[in-house]
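The listed protein sequences correspond, in order, to chains A and B.
Take 9 as the starting number for the first sequence in this note's numbering and just add one per residue.
Take 7 as the starting number for the second sequence in this note's numbering and just add one per residue.
These are calculated hints, taken from the structure and not from any lab test.
One thing to keep in mind: the hints can contain errors.
Examples of chain A residues lying across from chain B (beta carbon under 7 Å, computed) [what the hints assert, rightly or not]: (1) I49; (2) F100; (3) V101; (4) L102.
Glycine is no exception: its CB is placed at the ideal position from the N, C-alpha and C atoms.
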Amino acid sequence: MNIEMSPSLALVLVVGVLVGTGVYLLLERSLSRVIVGITLISNGVNVLFLIAGGAAGGPPLIGATDPGEMSDPLPQAMVLTAIVINLGLTAFVLAMAYRSWQLHGHDEVQDDLEDRRIARRAALREADSRADDVGTDLQTEAAEARDETEEAPAGTPEAHTPEDHGGPITGGDR
Amino acid sequence: MTWLVPLPVVVPLVAAGLALAVSRRSRAQGIISVAAVSTVLAVAVALIFLTHTAGPQVVDVGDWAAPVGIALVADRLSALMLVVSALVILGVLAYSLAQGLADGNDGAPVAIYHPTYLVLAAGVSMAFLSGDLFNLYVGFEILLAASFVLLTLGGTGERIRAGSIYVVVSLLSSVLFLVSIALIYAATGTLNLAQLAERLPEVDSGIRLLLQIMLLLGFAIKAAVFPLSAWLPDSYPTAPAPVTAVFAGLLTKVGVYAIIRAQTLLFTDGVLDDVLLVAAIATMLVGIIGAVAQEDIKRLLSFTLVSHIGYMIFGISLASDTGLSASIFYIVHHITVQTALFLIAGLVERRGGTTSLEELGSLAKVAPALGAVFFLSAMNLAGIPPMSGFLGKIGLLQAGIQTGSGLALVGVGTGLLTSLLTLYAVIKAWNKAFWQEAPQPLPDTRVPRTMFGPAAVIASVGVLIAVIGGPLYHYTDDAARDLRARTPYIEAVLVHGDRGAGQSSDAAGGDG
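Build the full structure now, drawing on both the sequences and the hints.
Here it is in C-alpha cells:
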C-alpha cells in the first residue's frame with residue numbers, strides 16, 4: 009500500500025504562523041497576552057497532530073469507509089484530549105490573571121525576588137559605591153524592592169484586599 | 007495479579023471525587039485521603055514483590071491489545087518509584103493533617119486541598135506506570151494541573167507571582183512534549199513505548215536525534231536540569247511547607263524518571279550522552295553555588311534540589327549498568343531526604359516565625375529534637391558516611407571512574423566538589439538557625455508533636471535506607487540491567503511479538 013506522507017504546505021504554514029505568533033505573545037509581560045500566546049501555540053500543535061496523521065481520508069467508521077481510505081483516528085483522539093487539557097489549564101491561568109488583577113490592579117508577571125535583589129544592589133552600588141547590605145533579609149528586600157510592574161498606572165482599579173475566604177495567609181500555613 | 011497495576015491511579019482518583027463530595031467535613035476528607043494513599047502504598051509494595059519475582063506486570067487498558075490500546079506497565083523501576091512516592095505522599099499527608107488540626111482549619115481553603123492532593127498522587131502514579139507516550143503526557147498534565155492549584159493555594163500576592171512563572175514554564179514544557187509526541191507519531195506511527203523501542207532504531211538518525219532533543223528538552227524542564235532550572239528556586243519556596251515538600255520530593259523526580267525511560271528504552275545510540283553529562287556537571291555546580299549564596303532556608307534547599315538533580319542525570323548519562331543503578335538508588339535517597347528537609351524547614355518556620363537565616367538562631371536549644379532531625383538529614387544530603395547519601399554518591403563516583411572517559415572524570419570531580427559545597431551550605435544553615443545565639447528572641451510557640459512525627463519518620467527512612475543499602479543496590483542493579491537490556495519490557499508488553507495480550511480482534515499489526 010502506497011501511503012502519501014508528504015504534508016500539505018498550507019497546514020505547515022498554519023502551524024508556523026500559529027506557533028510563531030504564540031511564542032511572541034508568550035514573551036509578553038501581561039498574563040492575558042501570555043494566555044492568548046499559549047492558546048495559539050497549542051492550537052498550532054493540534055494542527056501539527058493532524059499533519060502527523062497523514063493525508064486526510066474518509067471518516068474512520070467501520071462500514072462507512074473502506075479501511076484503506078480511512079483517515080487516521082488516533083491523532084484526532086489525541087488532539088481532542090489535548091484540547092480538553094488546554095481548556096482546563098487556560099481557565100486556570102485566566103483565574104490566576106484575574107486574581108493578580110484583584111491584588112495588584114494589573115495582571116503583569118513580576119520580576120522574581122533574585123532579579124529585584126540584584127537590581128536593588130546595583131542601584132545601591134551606583135548610589136554610594138557600597139553595596140554590602142548582607143544584614144537585611146529577603147522578605148524586607150522583597151517588600152521594599154520595586155519593579156516596573158508595580159507602579160500602577162493611573163485609572164486602574166485599586167488593589168483589593170484578600171477576601172475572607174482567602175484569609176490572611178502567610179507562608180507557613182496552607 | 008495484574009489487576010493491581012491500575013490501582014495506584016484509580017484509587018486516588020476515585021478518592022479525590024469522594025473527598026470533593028464531602029468537602030464540608032474535613033475529618034471525613036482526611037480519612038478518605040489517608041485510606042486511599044495507604045492503599046496505594048500497599049499496592050506498590052505488592053507490585054515491587056510481584057515484578058521482582060515474576061517480571062514486569064502489564065495491563066492492556068480496556069482489554070485492547072497493546073500497540074493499539076494503552077498499556078500500563080509496572081517494571082522494577084516503576085514499582086520502586088511507586089513505593090517511594092507513596093511513602094512520601096503518605097508522610098506529607100500526615101504532616102498536613104496535623105498542621106490542619108494545629109491551626110484549627112480556620113481561614114484556609116482546605117476544602118480543595120485533599121482532592122487536589124489525591125489528584126496529584128494519581129498523576130504521579132500514572133506517569134510512573136504509563137507504557138504509552140501520550141498517556142505519559144496525560145499523567146504529566148494531571149500532576150501539573152494539581153500542582154498549579156496547590157502552589158497557588160490561598161491566592162496571596164506572593165504565591166500568584168511565583169505561580170504565574172511556574173505555570174507558564176510548565177505549560178511551555180508540556181507544549182514541547184506534545185510537539186515531540188506529534189513528531190514521533192509522524193515518524194513511527196505509534197506511541198506505545200515498547201513498539202517505539204523497536205521502531206525508533208529504524209528511523210533516520212538525523213530525525214531520531216531531533217526527536218530525542220525535543221523529548222529531552224520537555225523532560226529536562228520538568229526535572230529542572232540546568233539551564234532549564236531557573237523556575238524552580240523561585241516558585242517552590244512560596245508554597246505551603248507540605249506542598250513544597252511533596253513537589254521537591256516527587257515532581258522533579260518524575261521528570262528524571264521520564265529521562266531514564268527515554269534514554270534506556272527509546273534512544274539507545276547514546277549520541278546525547280555527552281551533552282547530558284555536561285548538563286549534569288553544570289546543574290551540580292550552578293545549583294550548589296546558588297545554594298551557598300542563599301540566606302533563606304527554603305531557597306537554600308531549593309537550590310540544593312537543583313544541584314542534586316545533576317547527580318541523577320550524571321548517572322544516567324554514563325549509560326552503564328552501574329551508573330544507572332546508582333542513579334536509581336540516588337533518586338530513592340533524594341526523594342526521602344529532600345522531602346524531609348522541606349518538612350523540617352516548615353517546622354523551623356513555625357517555631358522561629360521565619361525562614362530567614364539572618365533572623366533565626368538558638369533553635370538547637372529550644373527545639374533539640376528538631377535540631378537533631380535537621381542535622382541528620384542535612385548530613386545525609388551532603389553524603390556523610392554511613393548514611394544513604396554517601397552510598398548513592400559512592401555508587402555514582404564508582405560508575406564514573408569505571409567509565410573512565412575524561413568528561414566522566416570531570417563529572418566525578420564535580421560530584422565530589424558539589425558534595426563538599428552541599429556540606430558547607432547545610433552547615434551554614436545549621437550554624438545560623440540552630441547553633442548561634444538568636445539575634446532577637448524567638449516567638450514562644452511549640453512545634454506540634456503530630457507534625458514533627460511525620461517529618462522525623464521520613465527523615466529516618468532517608469537515613470535508614472543505608473541499612474537496606476545492600477539489598478536495595480541489588481534491586482537497582484537488577485532494575486538497571488532490565489532497563490538496559492530492554493527485552494524484558496518489550497516482551498512483557500508485546501507478548502505475541504507485535505501485539506499485546508488484549509482481546510481486541512483485528513489489531514491490524516499495530517499500524518496505528
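Here is what the structure says about each hint:
1. Restraint check, I49(A) versus chain B: the minimum CB separation of about 5 Å is within 7 Å; hint holds.
2. A least Cβ separation of about 6 Å between F100(A) and chain B falls short of the 7 Å threshold, and the interface hint therefore holds.
3. For the restraint placing V101(A) at the interface with chain B, the shortest Cβ-Cβ distance is roughly 6 Å, inside the 7 Å limit, so the hint holds.
4. Taking 7 Å as the C-beta cut-off, the interface hint given for L102(A) is violated, the closest approach to chain B being about 11 Å.
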